Every structure is written in C-alpha cells, then in structure tokens.
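With the sequences and hints as input, model every part of the structure.
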Amino acid sequence: MNLMMKNHNLTIKKLATILVVLITILSMAVVTPAQACSRLVYDTGSNGPITARSMDWFHDPQAELWFFPAGERREGGAGPNSIKWKSKYGSIITSSYDIATVDGINDQGLVANLLFLAETDYGDIGPCDPTLSVGGWGQYVLDNYANVAEAVEGLEELDKKSLKIATTTLKELGETLRPNSIPQPIIVAMGEANFALHMALSDNTGDSAIIEYLGGEMIVHHEKTANVLTNDPTFDQQIAINSYWNSLYKNLEGTIGLFLPGTSSPSDRFVRASYYLDKMGPRLAAEKKLASKASGFILNKDQERRSELAAALGIIRNVSDPIGLDGFGIGTTQWRTLANQSLPTK
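Counting along the sequence shown from 1, when you hit position 261 you're at 294 in our numbering, and nothing is skipped either side.
Relax, there's no trap hidden among the hints.
Okay, the calculated beta carbon distance ranges per label pair:
| id | residue 1 | residue 2 | range |
| --- | --- | --- | --- |
| 1 | Leu-98 | Cys-161 | 34 to 40 Å |
| 2 | Ala-103 | Gly-159 | 30 to 36 Å |
| 3 | Gly-357 | Pro-294 | 19 to 25 Å |
| 4 | Glu-190 | Leu-332 | 40 to 46 Å |
| 5 | Gly-156 | Pro-266 | 15 to 21 Å |
| 6 | Gly-347 | Trp-118 | 34 to 40 Å |
| 7 | Trp-118 | Ile-252 | 19 to 25 Å |
| 8 | Asn-279 | Ile-158 | 36 to 42 Å |
| 9 | Ala-226 | Glu-97 | 21 to 27 Å |
The hints are simulated quantities; they were obtained by calculation from the structure and are not laboratory data. Treat the numbers as computed from the prediction; the structure is a model and nothing was measured. Glycine residues also receive a C-beta, built at the ideal position from the N, C-alpha and C atoms.
Written as structure tokens, this is what we have:
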C-alpha cells in the first residue's frame, strides 16, 4: 500500500498560484468509518469553480501536505503486478497515514477527492491482473490526466484491461505503520473493516464525475449532478433521496432551509450541501449587484473571489462535525480543503 515516495527536492513551481486551504483538527472520537467526509463543487460561473472537501475520521489520520513535480516515477504499491507510470503533471496532495493520497489538485486544475463508501467492492484480484493500491488511485489520476473527461476515459480503458484496485483492512494497515499510529481500541473495534473508497473528480471547467466500485464493477457518474458527494448509500441512491427533499421545498421560495435535514448522516449532509450550492450562486450575484448599486463601488475579481471562497467554506462547514460530538458512528472533522481552480496553473 505504500505509494508515497518521499523526495526532499519536491518543487511547487507549477502550483504556486493554486490555493489549497488545510485546517487540521485532531480528535479521538471512536466511530464507524462509514460516517466520513463531504465534498462539493461550487461553480461560480465566470470566476470558475471551487472544490471544497471535509475529512471526518475517527482519530487523527496524520495528514500531511505533499508537493510532487512532474516526471516522478511511480509504482502501484499493490504487489508484483503493480502498474508503473511516470507522472505527466505536478500535484499538491493531502496524505493519510503517510501512505495514501486522499485529496489533491494537479497543475492543470484537476481535483481528486477520495471518500469512504462502505458498499464498495473492488472485486477479486486474479493472479495475472494488473493492480493499483487504493492509496495510489487518486495519485494516479492526478499524475496522468488534465481534466475530468480525460480521467474518465483513461480509467474506463484501464478497467477494460482488468486493472484491479487493491485495498487493506485497518488492522493490516496498523501493522505496517509506526507503533500507536492507530489507537489499539480502534483496531480492536474495527480492525477487519476494509478501506473502501469512492472517488470524486472535478476540473477548472466545472466538469465533475463520481467513480464507484460496486459488485466488482466500476460505475461512472459523469454528469452535472456529480457536484456533491458524501458516503453511503451509493451515489445514485443519494440523488434519489435528494430529489425527495427537493420536492418538499421547490415551491417554497423565501423559506430558506426550512425543511432541510439536520443530522450528521451522509444523506442529510448530501441534501444540505446540494441545497446551498443551488441557492448560493444566484444569491451571491444578487448581493453583489445590490452592494454595487448602493455604494457605487464595483468589486474587482480578487474581492469577488474572496467572497466566493468564503461561501464555499461556509457550505463545507455546514456539513462538518465539531470536536466533541457525542454519538457512535459519527466522525469529527479532521481537516478541510478548498481548491481554487480558477487561478492560472502555469
């Protein structure tokens, strides 16, 4: 599983203008890993998209920021049949346990976010199947593709060639890490649980896709509605649940948030994030017009972008869980990222 290749000469040359905000918060809440993470894409129109993500987990996953240049030689970290490649693009990523890329953006503006999905089934691995560790899945995408369309096409081609994603259990991972990296009570309670992840992709055009593995098959959702992702159930079921809530308030303009579900469940977080994304675009535009008319002062692009970044952070905070939250099965927010995909990347 160890994909992270530490290189003390890593450069940030192509990434100097990409904004990634990382807020790391430590916690020791014991939960089932199914309750973890939210991701959203706020497409602001002419200023370009912002991808926001929260990482909810049952203890500190030892997050670190890594900067990788183009030209890095990689291997899949999943045994003798691991695939090999050379990175085409530089990237900045957030790692977990010093071995896995769980979040990142490359120098073309492509963002990859990996979130927990308990229903994930990557399928059986045959003796001759090419393999890639789940910890390297996101890094492979950032290294090789410039946008969502390229990534979807490339991953589908790899799937046709029987590429298999290899995962591990929490207990097995704990045995490979530094002592006490994962608290022993966590390993005892959930040691047999696999790291089961689905992946969200977004790029600087506002395009999005969700990649899930169910019953050993790769499922791709490449559509406008792929701008929000949480956890279980699967993405298609989340869309159906969200449609139900939409039906409750579609004719209730002016009653902002009156019928929004408020728990920490993945479905409730999905509904809240979707609702605010739908409302924030036109609402911010109207506020800017009113402010300009009242003061005679027109916001420049930098001022507009600061407002949009604040809005995206506000939404991702709305679906975050505070430290000290009581309840088994509810993780707390370890960190959040904002990826500003509108800025120049070269």
